[in-house]
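J.: As given, the protein sequences belong to chains A and B, one line each in that order. Counting in the working numbering, the first sequence runs from 1 upward without gaps. Counting in the working numbering, the second sequence runs from 1001 upward without gaps.
In case anyone wonders, no lab produced these hints; they're calculated from the structure. Beta carbons are placed, not taken as given, at the ideal position from N, Cα and C, and that holds for glycine. A couple of the hints might just be wrong.
Coverage of chain A stretches by chain B, computed from C-beta distances (three or more under 8 Å per stretch; other residues unrestricted) [claimed, not checked]:
#1 46-59
#2 85-93
Every beta carbon over 12 Å from chain B, so not counted as near; a handful from chain A, in silico [stated by the list, open to error]:
#3 Pro99
#4 Gly114
#5 Thr128
#6 Ala140
There are 2 protein chains.
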Amino acid sequence: MRVLGVDPGLTRCGLGVVEGAAGRKLTPIAYDVARTPAGDDIALRLLALEREIEQWIRTHKPDVVAVERVFAQHNVRTVMGTAQAAAVAITSAARAGLPVVLHTPSEVKAAVTGNGRADKPQVTAMVTRLLGLDTAPKPADTADALALAICHVWRGGMQQRLQEARMKVVSA
Amino acid sequence: MRVLGVDPGLTRCGLGVVEGAAGRKLTPIAYDVARTPAGDDIALRLLALEREIEQWIRTHKPDVVAVERVFAQHNVRTVMGTAQAAAVAITSAARAGLPVVLHTPSEVKAAVTGNGRADKPQVTAMVTRLLGLDTAPKPADTADALALAICHVWRGGMQQRLQEARMKVVSA
Chain A
1 MRVLGVDPGL TRCGLGVVEG AAGRKLTPIA YDVARTPAGD DIALRLLALE REIEQWIRTH
61 KPDVVAVERV FAQHNVRTVM GTAQAAAVAI TSAARAGLPV VLHTPSEVKA AVTGNGRADK
121 PQVTAMVTRL LGLDTAPKPA DTADALALAI CHVWRGGMQQ RLQEARMKVV SA
Chain B
1001 MRVLGVDPGL TRCGLGVVEG AAGRKLTPIA YDVARTPAGD DIALRLLALE REIEQWIRTH
1061 KPDVVAVERV FAQHNVRTVM GTAQAAAVAI TSAARAGLPV VLHTPSEVKA AVTGNGRADK
1121 PQVTAMVTRL LGLDTAPKPA DTADALALAI CHVWRGGMQQ RLQEARMKVV SA
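Next up, chain A with everything else stripped away, as it sits in the complex (with noise of 0.2 Å):
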């Protein structure tokens, strides 16, 4: 399974391609920030923020897209442009005919520290091992992305087994 993990944001958004199985080694396929310039016009950020996701998709071809879930309360001032941001990588990856799960940030700290309020060297520093990287990908908007993948390849995984055990006992 290979997936795009989006960490959205106007000003940095986190992207990264992971690709992997539950229980099998991950394998980092790209991960890099795109950004928009904080002076432009909206409609223009979105606009190219839209435009760097949709070159990713069509280059990197993922399975399944997961996408950071924003939640009000958090930070006033920012969650605007995240929320765009979010609504933006949503868009671009259902018109590409590719599914589209949320996680929440607490699931994705659980998943690759074991504690859902991991801080954020934490998350870059199992980010950094479980990807078998020679240096931690900065910024942490960058790792972020790779660690969304990364709790979806799992997540993903955890979900088909327990499928597939139902499976089993149901047709026993």
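Dock chain B against the given chain A, drawing on the hints supplied.
T.: Coordinates of chain B only, in the frame set by chain A:
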């Protein structure tokens, strides 16, 4: 000037097209509400809304798209959906090469009723009168979209006349 006004929302997104110029008669071209099922996946809802807005742009060929500016401070429970619907409208307009303008709810209310704190029935009554409609546009989201379009026709026109006045002063 032909303006498409968008009152963003996931469950109900108001759409209204008005043609006019400051100081001249306003003509209602089309108005309706785009709905997406509350039970559907967010990706399907955003994609359905995008297709509807793209269809309106193709059919009614507006010169500009006016979208209500969303604030995070307002209803926290629905603000995420509203922000994401606004992102879809903004991005669809930008993708079609159209300028996008944002107006706050109080700018819109002040433009059509003279009072930035007017209530919904007052806005609907003025929209109905200004556009010479036989019956009030329903639901309120539709009237709000038309009010946004009227607001932009007038404010856009006013900005243009101020600009022209400045040019005359400079060239005098």
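J.: Does each hint fit the structure? Answer for all of them.
T.: How the hints compare with the structure:
1. 46-59: Holds, because 3 residues of the region 46-59 of chain A bring their Cβ atoms closer than 8 Å to Cβ atoms of chain B.
2. 85-93: Holds: 7 residues of the region 85-93 of chain A have a Cβ under 8 Å from chain B.
3. Pro99: Per Cβ check, Pro99 (chain A) is inside 12 Å of chain B; nearest 8 Å; violated.
4. Gly114: 29 Å, holds
5. Thr128: Non-interface label on Thr128 (chain A) holds, nearest chain B Cβ at 30 Å vs cutoff 12 Å.
6. Ala140: Holds, because the least Cβ-Cβ distance between Ala140 (chain A) and chain B comes to about 22 Å, which exceeds 12 Å.
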